[in-house]
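Its first residue numbered 1, the sequence shown is counted upward by one per residue in UniProt numbering.
To be clear, the hints were calculated from the coordinates, so they are not data collected in a lab. Watch out, some of these pointers could steer you wrong.
Mimicking DSBU-like on lysine-lysine, the simulated pairs with C-alpha atoms at most 35 Å apart in a straight line are [to be verified]:
no. : residue 1 : residue 2
1   : Lys95     : Lys77
2   : Lys34     : Lys77
3   : Lys131    : Lys99
4   : Lys95     : Lys34
5   : Lys77     : Lys99
6   : Lys96     : Lys77
7   : Lys131    : Lys95
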Amino acid sequence: MKQPSFILSVVIDGPKGSGNKIDVFLQPLVDELKELWHTGVPTYDASCGEMFQLHAGLLRTISDIPGYSNISGCPTKGVYACPNCGKDTRSEYLKKGHKFCYCGHRRFLPTGHRLRRDRVSFDGAMELSPKPMPLSEIELLQQLENVHTEYKKEDLKRRVGVEHDNRKGKKRK
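I would like the entire structure built from these sequences, with the hints used as guidance.
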């Protein structure tokens, strides 16, 4: 394996991978980013021929939806699947399809947009509600206040199996 591709074997770890427990693998990266942000690292500037203290920060990550869920900890499936809407996610469970349907995307259009008033093309109703407000830093910290992080994948499998038994009543482990 070539050196530039080496990290991909850790990040894209397949069906038996870490799943939501990716924090263990990301901790060294987080530590390095904190060092780059707060103290910086001495770096040589070839154009001036002198050393300087380099500071850097991570601006953005690019992931697919399951990857976003693993890295951010935000749910991307189920009742509250929209990371932007949170508790204001408009979802409906399709009984025959056995999955969730997500509606209410017209809320993100400008207030006077013609598609907000279009009843025929959508669900028979006009969209009058405003777009959901993003959480403030204080609200986000309040939500995370009592979060307990645990790195045992076995406990997660056992818990999901029990919930599945209680929901459907068809499969037993």
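Evaluated hints:
Our distance criterion of 35 Å between C-alpha atoms is met by Lys95 and Lys77, whose separation comes to about 16 Å. As the CA atoms of Lys34 and Lys77 are separated by approximately 31 Å, the hinted pair is consistent with the 35 Å bound. About 24 Å separates the Cα atoms of Lys131 and Lys99, which keeps this hinted pair within 35 Å; it holds. Between the alpha carbons of Lys95 and Lys34 the distance comes to roughly 47 Å, so the proposed pair goes past 35 Å and is violated.
Among the hinted pairs, Lys77 with Lys99 is consistent with the structure: their alpha-carbon atoms are about 9 Å apart, no more than 35 Å. As the CA atoms of Lys96 and Lys77 are separated by approximately 18 Å, the hinted pair is consistent with the 35 Å bound. Proposed proximity of Lys131 and Lys95 is supported: the alpha carbons are some 27 Å apart, at most 35 Å.
In this structure, only the earlier hint numbered 4 is contradicted, and the remaining ones agree with it.
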